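Q: Here are the chains, one letter per residue:
Number of protein chains: 2
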Amino acid sequence: MALKQNAFYAQSGGVTSVINASACGLIETVNKSSKINKVLAGKNGILGALNEELIDTSKESKSTIAKLRQTPGGAFGSCRFKLQDPVKQKKEYERLFEVFSAHDIGYFFYNGGGDSQDTTFKVSEMAKKLKFPLQCIGIPKTVDNDLPFTDCSPGFGSVAKYVATSTLEAGLDVKSMAETSTKVFILEVMGRNAGWIAAASCLAGNEFEDPPHIILLPEIPFEKAKFLKTVKEKTQRFGYCVVVASEGVKYKTGKFLADSGSVDAFGHKQLGGVAPVLASMVTKIGLKNHWAVADYLQRSARHIASKTDLDQAYAVGKYAVQLALSGKTGVMPTIRRVSDQPYKWTVSEASLKNIANVEKKLPAAFISNDGFRITNAGRRYLRPLIQGEASIKYLKGIPDIARLKGILVQKKLSTF
Amino acid sequence: MALKQNAFYAQSGGVTSVINASACGLIETVNKSSKINKVLAGKNGILGALNEELIDTSKESKSTIAKLRQTPGGAFGSCRFKLQDPVKQKKEYERLFEVFSAHDIGYFFYNGGGDSQDTTFKVSEMAKKLKFPLQCIGIPKTVDNDLPFTDCSPGFGSVAKYVATSTLEAGLDVKSMAETSTKVFILEVMGRNAGWIAAASCLAGNEFEDPPHIILLPEIPFEKAKFLKTVKEKTQRFGYCVVVASEGVKYKTGKFLADSGSVDAFGHKQLGGVAPVLASMVTKIGLKNHWAVADYLQRSARHIASKTDLDQAYAVGKYAVQLALSGKTGVMPTIRRVSDQPYKWTVSEASLKNIANVEKKLPAAFISNDGFRITNAGRRYLRPLIQGEASIKYLKGIPDIARLKGILVQKKLSTF
Chain F
124 MALKQNAFYA QSGGVTSVIN ASACGLIETV NKSSKINKVL AGKNGILGAL
174 NEELIDTSKE SKSTIAKLRQ TPGGAFGSCR FKLQDPVKQK KEYERLFEVF
224 SAHDIGYFFY NGGGDSQDTT FKVSEMAKKL KFPLQCIGIP KTVDNDLPFT
274 DCSPGFGSVA KYVATSTLEA GLDVKSMAET STKVFILEVM GRNAGWIAAA
324 SCLAGNEFED PPHIILLPEI PFEKAKFLKT VKEKTQRFGY CVVVASEGVK
374 YKTGKFLADS GSVDAFGHKQ LGGVAPVLAS MVTKIGLKNH WAVADYLQRS
424 ARHIASKTDL DQAYAVGKYA VQLALSGKTG VMPTIRRVSD QPYKWTVSEA
474 SLKNIANVEK KLPAAFISND GFRITNAGRR YLRPLIQGEA SIKYLKGIPD
524 IARLKGILVQ KKLSTF
Chain U
124 MALKQNAFYA QSGGVTSVIN ASACGLIETV NKSSKINKVL AGKNGILGAL
174 NEELIDTSKE SKSTIAKLRQ TPGGAFGSCR FKLQDPVKQK KEYERLFEVF
224 SAHDIGYFFY NGGGDSQDTT FKVSEMAKKL KFPLQCIGIP KTVDNDLPFT
274 DCSPGFGSVA KYVATSTLEA GLDVKSMAET STKVFILEVM GRNAGWIAAA
324 SCLAGNEFED PPHIILLPEI PFEKAKFLKT VKEKTQRFGY CVVVASEGVK
374 YKTGKFLADS GSVDAFGHKQ LGGVAPVLAS MVTKIGLKNH WAVADYLQRS
424 ARHIASKTDL DQAYAVGKYA VQLALSGKTG VMPTIRRVSD QPYKWTVSEA
474 SLKNIANVEK KLPAAFISND GFRITNAGRR YLRPLIQGEA SIKYLKGIPD
524 IARLKGILVQ KKLSTF
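Chains as they are written, first to last, in this note's numbering: chain F, 124 to 539; chain U, 124 to 539.
No incorrect hints appear here.
With a cut-off of at most 30 angstroms between alpha-carbon atoms, the simulated DSS-like pairs for lysine-lysine come out as follows: (1) F/484 to U/519; (2) F/483 to U/519; (3) U/205 to F/355; (4) U/411 to F/214; (5) F/355 to U/528; (6) F/355 to U/166; (7) F/166 to U/411; (8) U/205 to F/411; (9) U/411 to F/378; (10) F/516 to U/516; (11) U/516 to F/467; (12) U/352 to F/166; (13) U/483 to F/519; (14) U/516 to F/430; (15) U/484 to F/519; (16) F/467 to U/519; (17) F/519 to U/430; (18) U/484 to F/411; (19) U/166 to F/407; (20) F/516 to U/430; (21) F/411 to U/528; (22) F/407 to U/378; (23) F/352 to U/166; (24) F/516 to U/467; (25) F/407 to U/205; (26) F/411 to U/166; (27) U/407 to F/205; (28) F/205 to U/411; (29) F/519 to U/467; (30) U/519 to F/516; (31) F/166 to U/407; (32) F/484 to U/411.
The hints are simulated quantities; they were obtained by calculation from the structure and are not laboratory data.
Keep in mind the model is a prediction, meaning the values are calculated, not measured.
All chains, please: the whole structure from these sequences, using the hints.
A: In structure tokens form, the structure reads like this:
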């Protein structure tokens, strides 16, 4: 074992507008530390380790690494890839340790959501079992905000700010058109099982009459008649109606409104298109409508990121290194809320053992009795997360993003 | 006739993220002038005149008027309403002049696109015919950029910046996911007959491999086989493919891919949903994809407006007043490009007679031979329009918008 070990870092699952800020926090902290040699980033997540495709971050300039803070997406490539069950099939794990050993990797940092934390936990358990000296730290990331034990998940605050801002802006648009044209506007946002993103749209308005007028959450079974009755009522009352719908809205039977029939690598149903389904219902009751599907725009919109979220994303990357350096493994940095007003937070930690594959849904106390609005308790929770603007530099009118060299370290092993 | 006449101002057609900046330019210029009494804004466009619903802008504070610069949508309400043919049916015109007379209105400012300029022209002709002392000035506005005689239309530059930025951001997202998940991303943008908005997405990239890889324009008949072949090629070559499609993409037969069957007040077909149509084609050739429909988000996104566009929107509002004060009628301020590099522009004017109902499409010289890309000439035209950021103030994490009192002047006439 070399005196100073390298760190492996990879990005996993759906990316966010600030996951690269976590990468930046991690790399800058490693580079300042005297105990870790350098960061080797997996090209396309854990696949980079399996395929021995390791990006040498020491070949990137300081300014490129700093620019990761204002670059959305996953700069090193992400993946949706589930490692096989280590009890049934050890081959993938053996390969990982073979690669880590060949490249003097003593630290494993995996930046992702629930599924990715599960991967990190499995790797840490296997390392212990095989007595392989590897400290495994998960770094939280998910726009869905569904990770337990952390007050919020880095990535969520920025999509929340995007959705609140877009709801406000599009709401003003439809309000101006409503007298003679569009009366109902439907915005579809992400959120398969947890309605956090749709809920955040409530921050668009401060007054009762402000959009959004109806929020559709996966937590609340969709009732068509009740929905259409409410659309009609709100339109009569306010002249227009803005609806924000989670992609994961489902009927009481569990059937998604937007079931497209296909599944991803983790077996999750792929969704999309709840907005046009709702729009066609609204058209049938005679109300002219428009609909938008934000899809990747919402989770990549670094230009409207939340400063709070960006700072937290950077902080968990930095803290992950500190945890590793203090000898921890099988843990993940978490965001701990110290107070609501003024909002104060700190970074803490949680064991990965209890995190894996648990989804934190929107608490019932955050949802109004009619199921269509967010309570004051919910607003109190959400509001701090979108505070502050994280302005970026522009070049020729568009965001000035990091363009990595992405130089791979020399392979030492045969192809997997 | 009172010594100092009032001005009528109204917003018409689809709104933009900077139409209120034109209102601001107009109102601030009137308020500084000693020749016009005050601005009465039509509530919901020309309907405000017909219904004698006139918002007294002198009741709004200076700071509220200033804040219009950072407020998207139509602050006074817009409309899609076509005045009847004055030859066949004079009733509406007679009502207009009755209202203008009752409220000492000597200036008519109408802020809109092609249809609205047609309305302004008809009102100016009728005023001449009836010898009613009314100076009619059109103020250009359209995200579609399809007005002739002006180098560009206020409203377009900001949607262009939104689309270029979103294409860049979502492009980074799909690039990170492509190895194991989404390979093709389709963004649907506005543009019924003219592909200016989709074309502007070309500014997202500077290198050949940068997104967007395919732009679908209404000017180029859609060929399914050629499209799918190109999607496949780009995906093989770059690992992923980003497609930006105009809502108005149509087959050689003229049939829109996204024909929803309904029409608006001007008889235009209402479109929406070309992205899911394209996505289902791409799914059938086995490429996993995601799609987004920006809809109202794109034209209301004041938070990412172009400074150039904002300045031009303000300038045409201001110049409209100057034209009126110099005794002009039946004209519209235009943007004249003085030079490309450095970009210099000035405000000029054009007669409304020749503007009405002419749509300026994307010139053939701006479209590559394969029909999927924008030429250097096109980029040279487009690039300056997205330059500069027009930052806004935020309040509690969301844009701080103008909230008008909207006090109506006392009615003097019976209901129309």
